Amino acid sequence: MKELICIVCPKGCHLKVDEEKDYAVTGNGCLRGAEYGKAELTNPTRVVTSTVRCEGGTHPRCPVKTDRPVPKGKMMEVMAALEGIALTAPVHVGDTIIENVCGTGVNVVAARNMDKGG
Amino acid sequence: MYDLIVIGGGPAGLAAAQSAWEKGLKKILIVERDKELGGILNQCIHNGFGLHHFKEELTGPEYAGRFVKLLSETGVEVRLDTMVLELTPDKRVHMVGKATGYRVEEAKAIVLAMGCRERTRGAISIPGTRPAGIFTAGAAQRYVNMEGWLPGKRVVILGSGDIGLIMARRMTLEGAKVLACVEVMPYSGGLNRNIVQCLQDFDIPLYLSHTVTDIRGRDRVEQVVVSKVDKNRAPIPGTEMVFDCDTLLLSVGLIPENELTRQAGIGMDRRTNGAVVYENMETSIPGVFACGNVCHVHDLVDFVTAESQRAGEAAARYVLEGEAGQEGCLEVKNGDGVTYTVPQRIRPEQVESFCDLFFRVNRVCRNSEILVISGETLIARFQREHLAPGEMERVTLPRVLLDKAQGEITVSVREVEA
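These protein sequences, in sequence, are chains A and G. Position 42 of the first sequence, counting from 1, maps to 41 under numbering that gives the first Met the number 0, and the rest follow consecutively. Position 264 of the second sequence, counting from 1, maps to 263 under numbering that gives the first Met the number 0, and the rest follow consecutively.
Errors might be hidden in some of the hints.
Straight-line distance between alpha carbons at most 25 Å, and here's what the computed DSS-like set of lysine-lysine pairs gives [what the hints assert, rightly or not]:
#	chain 1	residue 1	chain 2	residue 2
1	G	Lys-97	A	Lys-115
2	G	Lys-54	A	Lys-71
3	A	Lys-115	G	Lys-68
4	G	Lys-107	G	Lys-22
5	G	Lys-68	G	Lys-26
6	G	Lys-22	G	Lys-68
7	A	Lys-71	G	Lys-176
8	G	Lys-152	A	Lys-71
9	G	Lys-152	A	Lys-73
10	A	Lys-71	A	Lys-10
11	G	Lys-34	A	Lys-115
Since the hints were made in silico from the structure, they are not lab data. Fair warning: this is a prediction, and the values are worked out from it, not measured in the lab.
Turn these sequences into a full structure, and let the hints guide you.
Structure (structure tokens):
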């Protein structure tokens, strides 16, 4: 039996997940909590948001995000993959920055428009 | 002469201008002091925005980008790099900008959407030396996310508000070591989900009922001393922990930025540090509205958007249909367990069918009832499983119930046996 706080919504339900009963969740206020409880113990995932270097734009950094959640254990690997990236303005929101980052099948995409300028 | 001038181009100003345009105002001006629209959202690169409004999870810049795009399809005028210096009670706005110099513009209606700023070290009087390396969490967020600087490598965070928690994760992802998050209250001021995904995911300890009692270092922060506090929030001698660090981030609250509001003589509420507003976000000066964090500090931008849309619509109605009547105005009072309410005044005549009432509680409550009472009459009762000071609460009052109230209504919280 494992105790978790649900992060799906601001309510923060105190979940109990039973690993021996196919990850049955109790204490959840809604169905999404049951899904979260099971996923958190079998394959926890997170969306990674960060920034990359951007040249010739209105700001020196452009925000990016993974377009779907990646396995929690891969977060630092994704961060390392962003290290060497340098974009050139203009950049459009949704532009793919890295395809299939760290073999996760997830893409890193731009999270804003970055116009030319200084 | 403008129909409407919106002061501030963050999420509140963007939504208010958009809604006023949709309701038929044609000559609208947004005045923004930064070089772009979007306000604080531009530096909030984490996700979790838009779940209510767009029904999907967006980052801050994406959320702002959607509103900026909508606005670009209207005829709303935007003046960037322009600072408003003064608002007069007769709705003249003094402003100074790089491109346009000093200007005075007149409007039939005004929306105040200036947002808030962070409390600093000075506001909470931490003892110790005054070295470099002490930042508000939001300032650090701007350095990291927009300008590309990492403010430090070994970090202690004071305050467990959401910005502090978000920055604990952000600094860690960027390679800094976050040693501790320290909170003077016995509960966190941030959302539970942020405790989990920003602290627990990275094994960052959260010290509740602790505070910073000394800052050491000559040129740069070298050590921070953390002590446990008693139930009166006084540090307990002998409980000191010393952290070797180069940076202290402060996430110790936000203050609505109301210099213009006060100067204009608008009635203020000491509990929210914002203007006293009616059900349609109108202030004590008819035709001047306030919305978003300048009115009261929100947890979620989605709620800022909803509130600001109401303010924008009300501004349009004021310009097109004239001043609202004051008959039967109700004062909203705080009862037991409630720290503030917005709105503070309700004119039932102006409520079409429902009136949303926002408030915060002063303690963590389980299984509670929210009671709305006028005199001896119970107007409405609502059940809640969970209430916390860090989470803004809302109840919806139907017009038919408001019509039963006289003079004032009181909102209070009562815990019930489970």
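Quick rundown of the hints versus the structure:
no. : hint                  : result
1   : G:Lys-97 to A:Lys-115 : holds, 20 Å
2   : G:Lys-54 to A:Lys-71  : holds, 24 Å
3   : A:Lys-115 to G:Lys-68 : holds, 17 Å
4   : G:Lys-107 to G:Lys-22 : holds, 15 Å
5   : G:Lys-68 to G:Lys-26  : holds, 18 Å
6   : G:Lys-22 to G:Lys-68  : holds, 18 Å
7   : A:Lys-71 to G:Lys-176 : holds, 19 Å
8   : G:Lys-152 to A:Lys-71 : holds, 23 Å
9   : G:Lys-152 to A:Lys-73 : holds, 22 Å
10  : A:Lys-71 to A:Lys-10  : holds, 22 Å
11  : G:Lys-34 to A:Lys-115 : holds, 14 Å
Going through the hint list in order, the structure satisfies each hint without exception.
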